[in-house]
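**Q** One letter stands for each residue in the lines below.
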Amino acid sequence: MDIKWTRGKNWLAEINPSYKLLIIAALFIVFLCVDNLNVMIWSSLFFLIVYLMHRSIPVKLSIILLFMALLTSLFSMTAMTLFGKGTHLLFQFGLIRISTESLARGLMLGLRSFTFGMLSLIFATTTEPVPFFYSLMQQCRMPVRFAYGFLAAFRMLPMMAEEFQILRQALKVRGLSRAKGVAATYNRFKRYCLTMLVQSIRRAQRTAVAMEAKRFSMTEARTFYYSIGWSRYDFFFSLLIGFTVAASFILAVWIPLTPFVHVLDQY
Amino acid sequence: MNQSVKVSRTLNLTDILVTIVVSLVFGLIFRLMGPVYDLFKSFGLQMDALIYGIWFIAGPFAAVLIRKPGAAFLAETVAALAEVLFGGSGGIVNLYYGLIQGLFSEAIFAAVFYRRFSLIPAILSGLAASAGSLILDVYYGYLTDLAGWNLTLNIVFRFIGSALLAGLFPYVLVKGLEKTGVTQLIRPVSKEDYDVLNK
Numbered sequence: 001m002d003i004k005w006t007r008g009k010n011w012l013a014e015i016n017p018s019y020k021l022l023i024i025a026a027l028f029i030v031f032l033c034v035d036n037l038n039v040m041i042w043s044s045l046f047f048l049i050v051y052l053m054h055r056s057i058p059v060k061l062s063i064i065l066l067f068m069a070l071l072t073s074l075f076s077m078t079a080m081t082l083f084g085k086g087t088h089l090l091f092q093f094g095l096i097r098i099s100t101e102s103l104a105r106g107l108m109l110g111l112r113s114f115t116f117g118m119l120s121l122i123f124a125t126t127t128e129p130v131p132f133f134y135s136l137m138q139q140c141r142m143p144v145r146f147a148y149g150f151l152a153a154f155r156m157l158p159m160m161a162e163e164f165q166i167l168r169q170a171l172k173v174r175g176l177s178r179a180k181g182v183a184a185t186y187n188r189f190k191r192y193c194l195t196m197l198v199q200s201i202r203r204a205q206r207t208a209v210a211m212e213a214k215r216f217s218m219t220e221a222r223t224f225y226y227s228i229g230w231s232r233y234d235f236f237f238s239l240l241i242g243f244t245v246a247a248s249f250i251l252a253v254w255i256p257l258t259p260f261v262h263v264l265d266q267y
Numbered sequence: 001m002n003q004s005v006k007v008s009r010t011l012n013l014t015d016i017l018v019t020i021v022v023s024l025v026f027g028l029i030f031r032l033m034g035p036v037y038d039l040f041k042s043f044g045l046q047m048d049a050l051i052y053g054i055w056f057i058a059g060p061f062a063a064v065l066i067r068k069p070g071a072a073f074l075a076e077t078v079a080a081l082a083e084v085l086f087g088g089s090g091g092i093v094n095l096y097y098g099l100i101q102g103l104f105s106e107a108i109f110a111a112v113f114y115r116r117f118s119l120i121p122a123i124l125s126g127l128a129a130s131a132g133s134l135i136l137d138v139y140y141g142y143l144t145d146l147a148g149w150n151l152t153l154n155i156v157f158r159f160i161g162s163a164l165l166a167g168l169f170p171y172v173l174v175k176g177l178e179k180t181g182v183t184q185l186i187r188p189v190s191k192e193d194y195d196v197l198n199k
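Protein chains in written order, with the numbering used here: chain Y, 1 to 267; chain D, 1 to 199.
Careful, some of the hints might be misleading.
Here are some chain D residues the structure puts well away from chain Y; computed CB gaps all over 12 Å [said to hold, decoys possible]:
hint, residue
1, Arg9
2, Asp15
3, Ala111
4, Arg116
5, Ile123
6, Asp193
Which stretches of chain D does chain Y cover? Using the computed rule of at least three CB atoms under 8 Å from a CB of chain Y, they are [as the list claims (entries may be wrong)]:
hint, region
7, 89 to 103
8, 175 to 181
Honestly, the hints are just simulated from the structure, not real lab data.
Beta carbons are placed, not taken as given, at the ideal position from N, Cα and C, and that holds for glycine.
Isolated chain Y (complex conformation):
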């Protein structure tokens, strides 16, 4: 895991990571209170545009991730659409009862999941762990033990991946991966889990002892190797998000695409 400070010319990677997290976390509260389907439709459209315009990952990967987010949203609306409460029936077959209300609520859930899917992809593809935790320590006063603990743990992931490979080969060469049946599968699963866990715990403990031996976080004052501050990009980001959310609320009133202004009401 190399530390990459910039990925091309992407300005979203330049935003203060804590601020980015805070804004997206605040959006969750905003959208939790929205029960207007039109707002959700417009905001999904706008966040889709933002996602498509941000170029931090190759186009092919971006399309694959978008497709998966679409599938996820589709799946998350099935239960509500097919089996939701509602009186204005559109379609009935056995247990399946699609009504106007259940369809609207299902769409609402699907679109909400889609919007957060887009935000999640934007956040995850433009945020590196190292600046993120340095920013949490500096801007959010996160205790250094947790932040550095996180960073140390991130460094252990590639080691774990290598260990997993070795473990798999070792089990294979001893003929243990050939055994069939429920008991054998359970044993194999337990073997993988326990071995990986034991190694990780030992490594974490050794690391902690080494850190404490060097007097890690035993003194109050601390300086940071990377100082994460504020830039004009934070302002641009606030504008972008503010504009996107405001536009979806305004357009929902100007151009209401559906009659469902309160999906939780009975029609």
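We have chain Y already, so just place chain D on it with the hints.
**A** What follows is chain D alone, placed relative to chain Y:
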């Protein structure tokens, strides 16, 4: 002679690091299981609620392993944050779920004053986490607007799944770890350990 030794109940650096490393692995598992969970949703028959328990595993596991206050909350939050950083499908939503699940998980061990870390508290802790997620699901997932039978199915599946996957399974894993002796590295020294010395 050492029976009056006060055992530290706060998380030290070793506990924090072990919890974070283990939770990061759980976070990765959450991320990788995400598409499977979404696929289970597709028929609308609440099959996803059966494997929901996987997402509550970090809290009970860390609590039973570390046996100190705060471990369950830290673990579940860290695992959720890791899932966000790895780009899980729910995004920031996962962090909120993680926070509330961690709090509920922790509450069970707090209720027994961090004295018992046996199977029953572990299962209760898993169930508590699933109750926490239920609260958020009612608001975020409009759960109460499902048809009665579907809602019942969701709740029953959710509790069965979390008792097994987030209660029994982490307990069995920690029992396995105890046999390897690795838990002696991290757990606070107990009275029994001193008794052995005094014999």
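**Q** Which of the stated hints cannot be reconciled with the structure, identified by number in ascending sequence?
**A** 2
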